[in-house]
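*Asks:* Chains A and B, in that order, give the protein sequences. Here the first sequence is numbered in the numbering used here, starting from 29 and rising by one per residue. Here the second sequence is numbered in the numbering used here, starting from 16 and rising by one per residue.
Some hints could be false.
[Stated by the list, open to error] Using C-beta positions, here's what the derived DEER-type ranges look like:
| no. | chain 1 | residue 1 | chain 2 | residue 2 | range |
| --- | --- | --- | --- | --- | --- |
| 1 | B | Gln-393 | A | Val-105 | 56 to 66 Å |
| 2 | B | Gln-331 | A | Leu-84 | 26 to 36 Å |
| 3 | A | Val-299 | B | Ala-340 | 48 to 58 Å |
| 4 | A | Leu-132 | B | Ala-204 | 30 to 40 Å |
| 5 | A | Ala-80 | B | Val-238 | 43 to 53 Å |
| 6 | A | Gly-117 | B | Ser-133 | 51 to 61 Å |
[As the list claims (entries may be wrong)] Far from chain A, by Cβ distances over 12 Å, these chain B residues were calculated:
| no. | residue |
| --- | --- |
| 7 | Ala-233 |
| 8 | Lys-281 |
| 9 | Gln-284 |
| 10 | Lys-390 |
| 11 | Asp-404 |
Read the hints as simulated data drawn from the structure, not as lab findings. Don't be surprised by glycine CBs; every beta carbon is placed ideally from N, CA and C.
Each chain, letter by letter, is given below.
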Amino acid sequence: MGTFIQLVVDGLSTGSIYAALALAIVLVNQATGLINFAQGGMAVLSAYTAYAFLQLGLPLIVAILVAVVISFLMGAVIERLLVRRFEGGDPDTAVVVTIGLLTLVTGISAVLWGYNNLAFPSLFPLTSVEILGAVVSVRSLATTVTIVAIMVVLQVLFLRTKLGLALRAVADNPGSAAFSGLPVGRLLMVGWGLAAVLGAIAGVLVAPQLTLTPGMLDTALVYALAAVILGGLSSPIGCVVAASAIGVLENLVAVYVPLIGHDLKIAVPFVLIFVILVIRPQGLFGRKVVVRV
Amino acid sequence: MKIRNKPDGVLGIVAMASIIALSLSGCARDGAGQGNGSGSSPGITDTAITLGVTTPLSGPTAGPGTCTVAGLAAYFGSVNAAGGVEFGDGKTRTVDIKSYDDAYDPQKALSNFQQMVSDGVFAVTSGLGTPTNRAFREAAISQQVPQVLVMTGDPLFSDREESPWQLGFVPIYENEGAAFGKLLAESDAQHKVAILSQNDDYGKGYVAGFKEAIGGAANVSVVGELTYEATDTSVDAQLTQLAASGADVFFNAMSITPLVISSLQKAQQIGWTPSWFLPSNTSSPTAILQPGGAGAYPGIYSVSFSKAPQSPAFAQDADVVKFLADLKQYGNYPDMPAFPHCMWSYMVGATLEEAFKNMTEPTRENFMTALRDIKGLQAPLMLEGTAVDTTTDGQPAVSTVLVQKYDGRGYGTVENFG
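Construct the entire structure; sequences and hints are all you get.
*Replies:* Below is the structure:
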């Protein structure tokens with residue numbers, strides 16, 4: 029029983045990493061209608077930015093805050109100068125552009141900081157507490173709590189605030205949004221800026237565990253995309269639930285289903301996606317897109 | 016209905032690219048053919064010899080990869096500054112090194128090899144990586160280009176019949192695993208061992224060597240054995256499962272730096288504190304053990320054949336002092352090396368120099384003969400009790416390793432477990 033609970037707890041903590049990135053992807057999608065494959069790379073660049081300020085002697089929390097502000101600007105500038113040109117056109121082209129951006133951003137991190145694993149200090153201590161016989165590190169507990177808090181803020185932002193409504197309106201139909209007097213361009217920049225902020229937080233939360241390298245979030249990005257599809261592109265709650273479920277399920281299947289084991293567990297979320305999408309194409313928590321004819 | 020005609024376009028591009036690739040590789044082969052006609056092999060003149068290194072200089076393995084170039088450049092930088100190497104044919108030549116980034120990608124390694132051939136490289140050496148070195152092994156054989164003293168523990172490279180133009184440098188995985196097994200089998204106490212290994216030749220080699228060495232020992236039992244994939248970002252579930260086995264020794268045959276760090280952290284968090292066996296390439300004190308909090312364990316064991324520059328015991332050692340100075344001046348590597356590959360490639364330099372001294376003709380054939388005739392060479396930085404020996408078929412240039420125990424800063428050789 030102890031092992032079982034430990035596996036569930038470990039799965040939740042792995043899932044919280046996927047969830048952090050998934051939330052940023054959902055945010056960009058809600059704000060601009062795109063899927064940003066570069067989200068992971070941008071998050072890593074933000075974490076490196078925090079690292080750079082740390083090297084200058086700033087305290088950790090200040091370095092992170094500075095990096096968060098810079099990330100907001102970076103996200104907004106990338107939207108304005110690069111992504112804007114592809115937003116109205118073929119979505120396939122935009123996807124390829126963000127994949128190109130991922131390669132570019134990863135390359136920039138590599139040129140500036142190299143590929144050696146850099147140790148990034150954690151905001152939270154490495155001590156652990158016992159819950160129900162399972163050992164939970166304070167670090168992953170705090171990470172999970174932070175992610176859940178961000179999820180709640182996002183949910184409120186989108187569904188309960190004017191800004192959220194405006195962001196959704198712009199993503200849904202830029203033309204009509206402009207006619208009703210919304211500053212479409214600025215809202216798109218804000219959407220990307222906020223997503224970059226979220227990415228920055230995700231980056232500094234996971235960097236202590238994964239150690240800072242340019243490709244730190246590459247695998248996590250694959251899982252985050254799985255979580256986004258599974259939970260529904262329009263639902264912050266959905267993607268966090270999906271990410272946690274993926275983390276837990278992977279662990280349990282690896283240990284208790286010998287046929288799959290630790291070597292094939294990566295297939296679990298994707299098999300799950302096939303099954304769920306056949307039954308519920310909008311994802312577990314997503315809104316159905318209805319088109320009137 | 017909308018019909019998309021993209022596939023045609025894509026097919027066209029792919030077809031075009033294949034044609035270009037085919038014609039390019041055709042050209043490369045022609046170019047190599049011309050070099051064989053004259054008296055000396057490509058890449059060697061009366062005053063210089065050119066060596067090529069394809070190794071990961073970007074990507075997750077770039078840390079060790081960078082070291083495989085830095086150590087070699089440091090060694091020959093110093094040799095060149097003193098005038099060069101006097102070859103066995105009486106001519107003194109300087110040694111030039113060209114490095115190529117393969118990012119641990121076999122495809123890139125193969126195209127790097129073709130590039131080296133057209134760049135006129137005499138021999139390929141020192142590069143890190145089993146899949147990458149395997150990717151151009153057959154091409155090197157068919158074009159008769161030496162691919163020697165490469166950093167892979169794959170035994171294939173030291174099999175003379177299979178690999179006539181190859182020779183591995185570092186001990187094969189089995190050598191390392193066996194050294195751990197032997198130490199444990201000779202211990203007076205009972206031991207329960209948990210094993211976690213990478214699901215490829217690397218992990219399997221370590222486990223095979225280890226199991227063979229503990230074969231007849233009554234005091235050692237394996238109580239848990241799991242694997243992971245090199246692409247995994249977490250092995251928490253495996254550690255939780257292995258901790259439940261109550262093992263007092265944990266053999267973690269893992270090659271991924273961040274995973275080893277997080278394993279060291281995770282096991283102590285869940286209250287499992289066995290003694291650890293770690294492979295030589297993932298046991299760096301500064302890059303892995305310190306961030307992992309290795310002090311919590313009764314012992315961290317690794318194997319080595321090289322002096323550890325970080326260790327206080329070797330701080331004043333003449334080899335280490337010269338090595339660090341060369342590395343800084345010629346290797347473009349001002350820091351204390353975080354990976355043993357810096358030391359290994361420095362030794363590769365010394366081994367190559369020895370072969371050059373015995374080369375009587377400026378040909379690749381003659382070089383291979385000279386290289387396969389080195390015995391008892393104590394290269395700089397080698398630990399007492401180890402030596403370069405290239406004369407045994409089936410064994411790499413270095414096949415003896417000594418078990419080391421972590422002392423909080425560096426490593427010291429140990430005779431007994433515990």
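*Asks:* Work down the list of hints and note, for each, if the structure agrees.
*Replies:* Comparing the hints with the structure gives:
no., hint, verdict
1, B/Gln-393 x A/Val-105: 56 to 66 Å, "58 Å, holds"
2, B/Gln-331 x A/Leu-84: 26 to 36 Å, "35 Å, holds"
3, A/Val-299 x B/Ala-340: 48 to 58 Å, "56 Å, holds"
4, A/Leu-132 x B/Ala-204: 30 to 40 Å, "56 Å, violated"
5, A/Ala-80 x B/Val-238: 43 to 53 Å, "46 Å, holds"
6, A/Gly-117 x B/Ser-133: 51 to 61 Å, "41 Å, violated"
7, Ala-233, "29 Å, holds"
8, Lys-281, "8 Å, violated"
9, Gln-284, "5 Å, violated"
10, Lys-390, "36 Å, holds"
11, Asp-404, "33 Å, holds"
The structure fails hints 4, 6, 8, 9 (numbered hints given earlier, in ascending order).
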